[in-house]
Amino acid sequence: MDSRSLVPHQSSSFKLPIANLRNVFRPHDVERKLAKLPNKEHENLRTTYERMLERGPERFQVKPSGVPDMAALYEQLPNFTDALDDVKRHVALSQDSRDGLEVTPMLLLGPPGIGKTHFARKLADLLGTGMSLVPMSSMTAGWLLSGASSQWKGAKPGKVFEAIVDGQYANPVIVVDEIDKAAADAQYDPLGALYGLLEHDTAQTFMDEFAEVAIDASQVIWIMTANDERCIPEPILNRMNVFEIEAPSFEAARQIARNLYVSIRCEHGWGARFEPEPSDDLLDQLAELAPRDMRRALMTGFGNARLDQRSEIAVEDLPKPASGKGKIGFVQ
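The opening residue of the sequence shown carries number 2 in our numbering; numbering runs sequentially from there.
Just so you know, the hints here were simulated from the structure itself, not pulled from any lab data. Heads up, the beta-carbon is just placed ideally off N, CA and C, and yes, glycines get one too. Keep in mind that a hint or two might mislead.
Unchecked claim - Derived lysine to any residue pairs resembling SDA-like cross-links, with alpha carbons at most 20 Å apart:
#1 LYS34 <-> GLY193
#2 LYS157 <-> LYS182
#3 LYS41 <-> LEU134
#4 LYS182 <-> SER133
As the list claims (entries may be wrong) - Listed next, with one range per pair, are the computed distances between beta-carbon atoms:
#5 LYS89 <-> LYS37: 21 to 27 Å
#6 GLU76 <-> ASP167: 30 to 36 Å
#7 SER264 <-> ASN242: 26 to 32 Å
#8 ASP167 <-> PRO277: 24 to 30 Å
#9 PRO113 <-> CYS267: 37 to 43 Å
#10 LEU35 <-> CYS267: 18 to 24 Å
All chains should be built: construct the whole structure from the sequences, respecting the hints.
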């Protein structure tokens, strides 16, 4: 499965992604499978093959055109410094060459609500590629990652196939969220597909069980999140760089809350009605929350302040304390 280059886009003010075109499957394989399908059977599979041929095998493989200025990310995600350093090293390696961006699969290990999924979204934005979220806590069958056999009623391709074949990119960010909560039984292992997908060589010919056509998943950027590494099989842990993410310090949490306030205000037309900066009292109160809960608290605060025709959010505008707790928050 080959790739060819597009002319890089350059800008004096910021760096746009360089895009190559990479073949993620062989059309001949699809044509052969389609020709063997019995008439009036396997309509979902037939539709899948026809869609693959119509779209063609080429997908964008993108990377930043230079080592990006990540100062803003370090500021927004102060407790992810080690993970950001790792990404920066991989980006530097891919510069000034035809090589694609390869990032060693990473596991973000830490308590819930500290911004692990938010980090993944920001990383996808930085790299200029798409992101797919696979919530393992709701996954009860192994075929959700790798697809189910077309012999089964209601079968369809898996999440990896969807991200690459139905998406725009050969190197999407795929986030396997709460991998430690994957349910497994004797018949299906939700993590089974990862043994091959996390190895570069075997991922080049990943076989979705529904389509049964080799897909090049070797360029996928994998990010796993977990609260407890003890529930993750050792062979999978050994395939990843593990980063222990701690809750941000009080000062770092205040900075996160301030950045979030400014971001929300700038993203909405109604933001112009509010003060450019939040008060110190508001930041002190927001800093008591997990980063995941800050946005919801701020949206409530903005709404309450607006109802009162005020341009500044007061501490009283935030959600009331959760039952049995001494500080504001949301029951998790």
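For each hint, the structure was consulted:
1. LYS34 <-> GLY193: 25 Å, violated
2. LYS157 <-> LYS182: 23 Å, violated
3. LYS41 <-> LEU134: Distance ~34 Å between LYS41 and LEU134 Cα, so the pair is violated.
4. LYS182 <-> SER133: 18 Å, holds
5. LYS89 <-> LYS37: 21 to 27 Å: Given a distance of about 47 Å, which is not inside 21 to 27 Å, the answer is violated.
6. GLU76 <-> ASP167: 30 to 36 Å: 35 Å, holds
7. SER264 <-> ASN242: 26 to 32 Å: 28 Å, holds
8. ASP167 <-> PRO277: 24 to 30 Å: Since ASP167 and PRO277 have Cβ atoms about 41 Å apart, the given range 24 to 30 Å is violated.
9. PRO113 <-> CYS267: 37 to 43 Å: Violated: the Cβ-Cβ distance is about 28 Å, outside 37 to 43 Å.
10. LEU35 <-> CYS267: 18 to 24 Å: 49 Å, violated
Violated hints, listed in ascending order, are 1, 2, 3, 5, 8, 9, 10; each of the other numbered hints is respected by the structure.
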